[in-house]
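There are 2 protein chains.
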Amino acid sequence: MTSSQFDVVAIGDAIVDVIATCDDAFLSERGLVKGSMQLLSTGGADDLYAAMGSAREISGGSAANSMAGVAALGLRAAFAGQIATDQLGDIFAHDMAALGVQFATPPLSGGPPTGRCLILVTPDAQRTMNTCPGASHELTAHALDEELIRSSTVTFLEGYLWGPEKPRQAMLKAAEIAHSAGRTVAFTLSESLCIPGRREGVLGMLESGTIDVLFGNEDEVRQLTGCQGLSDCLQALAQRVRTAVVTRGAAGAVAMSGGATAEVQAKPVARIVDTTGAGDLFAAGFIAAQCRGRDLADSLTAGSLAAAEAISHFGARPEADLKEIVRL
Amino acid sequence: MTSSQFDVVAIGDAIVDVIATCDDAFLSERGLVKGSMQLLSTGGADDLYAAMGSAREISGGSAANSMAGVAALGLRAAFAGQIATDQLGDIFAHDMAALGVQFATPPLSGGPPTGRCLILVTPDAQRTMNTCPGASHELTAHALDEELIRSSTVTFLEGYLWGPEKPRQAMLKAAEIAHSAGRTVAFTLSESLCIPGRREGVLGMLESGTIDVLFGNEDEVRQLTGCQGLSDCLQALAQRVRTAVVTRGAAGAVAMSGGATAEVQAKPVARIVDTTGAGDLFAAGFIAAQCRGRDLADSLTAGSLAAAEAISHFGARPEADLKEIVRL
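Protein chains in written order, with the working numbering: chain A, 1480 to 1807; chain B, 1480 to 1807.
Among these hints, one or two may not hold up.
Claimed, not checked - Covered stretches of chain B, going by a simulated chain A footprint (3 or more residues, C-beta under 8 angstroms):
(1) 1529 to 1542
(2) 1560 to 1568
(3) 1571 to 1584
Claimed, not checked - Only part of the chain A face toward chain B is listed, based on derived beta-carbon distances under 10 angstroms:
(4) Ala1499
(5) Tyr1528
(6) Met1575
(7) Arg1595
(8) Arg1796
(9) Glu1798
It is worth saying that the hints were derived from the structure and are not from the lab.
Don't be surprised by glycine CBs; every beta carbon is placed ideally from N, CA and C.
Model the full structure from these sequences, guided by the hints.
Set out below in structure tokens:
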């Protein structure tokens, strides 16, 4: 394997988060399941937005948040995702560049606008996400920079983009390119991939050896594997991937790799404000530590520290100096 | 005077704030004067934005912030200002509506984009503002809703809009309409109105009886009046307006009205995060209290409490329940 130009390149949704607080009644009146993510049409997003409180806009997108974290940890990160030629697209691109993440996917004109995610944060700091993916789902394999993928130690793929046809093909192509160059492919599950009708496809992808490192939360891996106990889930995943990482919210995280297992407690946080991005930043910390040659336990600790920073403020991108918090 | 439909209607910049943190060196390298506001061309704004860190976007605009505060205090507020038909314009309009502020100025197509203010917040919580006013300066008297002004107890005018010709004419027209209906006209100074070449015009407006209630900070009223001592400044202003209110940052605020004076200390804040909007929210609290018939001292206290909330977080709009903090 030749030396890498980047530590991690991610493919994911290019999205601006629109974050407002609300009470539990607001969710229940609209039939929104707390903590979930649902896709919205443009009309549905407009209706929900009109009903939402005054908001702040902060760049988001699951894998993009992870790359913000990887860059904040001092590693070389790149991102591929589809924005449109509009103001939200400009904001997304600016924030990637400002964080030191290379982002060069050309914007699309004349199609859907840049994606946005309407995030409702309840007083218990839980986030309920309502995504209008817009241009994000128009990403094609054609937009990929093959040389970038070949020259990155890890290619990180976002589960949310596995649903729509075009970006799924782009991600599978990216995995193929990465493996042909002897690189590692990581994948983060999303809730919607674990439901019947979807899970079979995801399991098939895992069985075909497409993914080396898999991230998921407890609910996701239970639904995906059909197992109840956490160790059964890990065993089931470990047969299909080299490394499986399961995040458990306040209960910490566990990982299994090459027969070894490790566990970490969640890092205490003075005040949890908004859990958006906890999983994204966990993955960032874990992957960054792995790129720096740390073992499984140290990598879980790095993930846990990065996640703790993300949930202590609104928005999923790091605000504090992550390098000071997670010393790699 | 007939009963009012609104307590306050404001005319001001319709702007989205783009807020990033930076260190002092970033300001000095670019010759930016900490705490000041400068106007930028589109090109200048693009250059500064490219150099800025990753940002959060929150609706702003001085008088619009004040109306957000007035509405949050439970009073009926309306706003007139010019947005364009673009995503930032949609964000601005949404946030006004979500806060309960009536905002019905039709957006402009084909002109400049919705205005934005690049706000750099240094570790000492001071804000340095770089405004690209865009559509905001295209507001004309034609866009005003005369009936709305006639039916509002107070018409609140923003000093930043006094510089450009079209909105200045709109504001002077609004003052005329308000006075013809026996209403009160308030005006908030801006730094740029107090420099030689501008101050003569502002003093002329004050002398002609256009303004009943004037807000300014200590620097502004010193430069405007040419007086040194604060009581001299107040005396000089009180000859021209019914009520003069001078904010003094950490030193509190003073006011003079009908020969009476009152003073308030600044409310202690656990951690000052971002001073953007302190003056805007002070004006909101003061005017809301006056609308509810409170005396000068109580009105200063209300202003001081509202300002304290605004500086405890990023962004100029209230985040906590202002009605709980300022009981009117």
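Quick rundown of the hints versus the structure:
1. Evaluation of the coverage hint for the stretch 1529 to 1542 of chain B: fulfilled, as 9 residues show C-beta separations to chain A shorter than 8 angstroms, against a requirement of three.
2. Check result for the stretch 1560 to 1568 of chain B against chain A: holds, 3 residues qualifying (beta carbon to beta carbon below 8 angstroms, three or more required).
3. Counting residues of the stretch 1571 to 1584 of chain B whose CB lies closer than 8 angstroms to any CB of chain A gives 5, so the stated coverage by that chain holds, three being the minimum.
4. Because the smallest distance between the Cβ of Ala1499 (chain A) and any Cβ of chain B comes to about 8 angstroms, under 10 angstroms, the interface hint for this residue holds.
5. At about 6 angstroms, the closest approach between the beta carbon of Tyr1528 (chain A) and any beta carbon in chain B falls short of 10 angstroms, and the interface hint on this residue holds.
6. Because the smallest distance between the Cβ of Met1575 (chain A) and any Cβ of chain B comes to about 8 angstroms, under 10 angstroms, the interface hint for this residue holds.
7. A cut of 10 angstroms between beta carbons decides the hint on Arg1595 (chain A): the least distance to chain B is about 9 angstroms, and the hint holds.
8. For Arg1796 (chain A), the shortest C-beta to C-beta distance to chain B is roughly 6 angstroms, which falls under 10 angstroms, so the interface hint holds.
9. Interface hint at Glu1798 (chain A): satisfied, since its Cβ lies 8 angstroms from the closest Cβ of chain B, which is below the 10 angstroms cut-off.
The structure meets every hint from the earlier list without exception.
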